[in-house]
Amino acid sequence: GFLGKVHPTVAVSWSVANALLWKVDAVLERFRWYDCEYGFFAESLRSNFPLDDYRLSERDRNKIKRLEFHAQNLWIPRGGGELGTVCIQLVRVDLGTRLARWCVGKLCPRAGPGLAQELQDLVAKSQDPASPHAARIAGDKSGMYSQLRQVEEAAARRSAISSAALPGEEIFRRAYQLQTHWP
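Under my numbering, the first residue of the sequence shown is numbered 9, with each subsequent residue one higher.
No lab work stands behind these hints: they were computed from the structure.
Treat the hints with care, as some may be off.
Claimed, not checked - Listed below are the simulated EDC-like cross-link pairs for lysine to aspartate or glutamate, each with C-alpha atoms no more than 20 Å apart in a straight line:
1. K13 to E37
2. K13 to E51
3. K13 to D148
4. K114 to D102
To be verified - Have a look at the derived ranges for each label pair, beta carbon to beta carbon:
5. G104 to A132: 21 to 29 Å
6. R166 to K31: 43 to 51 Å
7. A173 to R109: 12 to 20 Å
8. D33 to S167: 38 to 46 Å
9. S154 to R109: 17 to 25 Å
10. E126 to R54: 17 to 25 Å
11. A164 to N26: 41 to 49 Å
12. V112 to S154: 30 to 38 Å
13. A164 to N81: 44 to 52 Å
14. C111 to P140: 28 to 36 Å
Since this is a predicted model, take the numbers as computed values, not measurements.
Glycine residues also receive a C-beta, built at the ideal position from the N, C-alpha and C atoms.
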């Protein structure tokens, strides 16, 4: 579930993950950024942030065995009339023990291709008007899909990119103060 107030761009979630012999609490801060000038969507998930602002009992704080996790996702629509999206991900995970590190090191390279295929399958299913994903997208409860449409419109106005021809760091340069629309 979520801790504290959920905002379309920032939220904190708490879930329990069971992996083989380990039970780990995944307390993650999620930050989303929609760039409607160049046309991309960035997301950061991290476990290393203070819990002081969240009303957790001392008992809950003491029982949390937090994993170290930091994921950065960058989704860039191809743009320029081309279909598709380029996804760049960087994920760092540490479960805290040598055995867990060894397991992650062995399992992640094997699981990666399967996860990529599963993502492609879910994208295909979401395009089916009869799928439950299509209903959720149409409902757009948080406004996320509306923001993503604006990202795609911005991408359509520029030249196409590919995984072999990515844009440079200039796409991340921005004003010192972001314009936001708080609900």
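Structure-based check of all given hints:
1. K13 to E37: Status holds; Cα separation ~12 Å.
2. K13 to E51: holds, 18 Å
3. K13 to D148: Cα-Cα ~18 Å, so holds.
4. K114 to D102: Since the Cα atoms of K114 and D102 sit roughly 13 Å apart, the hinted pair holds (cutoff 20 Å).
5. G104 to A132: 21 to 29 Å: Once the Cβ atoms are compared, 37 Å apart, the range 21 to 29 Å for A132 and G104 is violated.
6. R166 to K31: 43 to 51 Å: Since R166 and K31 have Cβ atoms about 46 Å apart, the given range 43 to 51 Å holds.
7. A173 to R109: 12 to 20 Å: Given about 35 Å between the Cβ atoms, the range is violated.
8. D33 to S167: 38 to 46 Å: The hinted range 38 to 46 Å holds for D33 and S167, with Cβ atoms some 45 Å apart.
9. S154 to R109: 17 to 25 Å: Since the Cβ atoms of S154 and R109 sit about 41 Å apart, the hinted range of 17 to 25 Å is violated.
10. E126 to R54: 17 to 25 Å: Given range 17 to 25 Å: holds, Cβ gap about 23 Å.
11. A164 to N26: 41 to 49 Å: holds, 43 Å
12. V112 to S154: 30 to 38 Å: Given a distance of about 36 Å, which is inside 30 to 38 Å, the answer is holds.
13. A164 to N81: 44 to 52 Å: violated, 21 Å
14. C111 to P140: 28 to 36 Å: With Cβ atoms ~33 Å apart, the hint holds.
Violation of the numbered hints given earlier is confined to hints 5, 7, 9 and 13; the remaining hints are satisfied by the structure.
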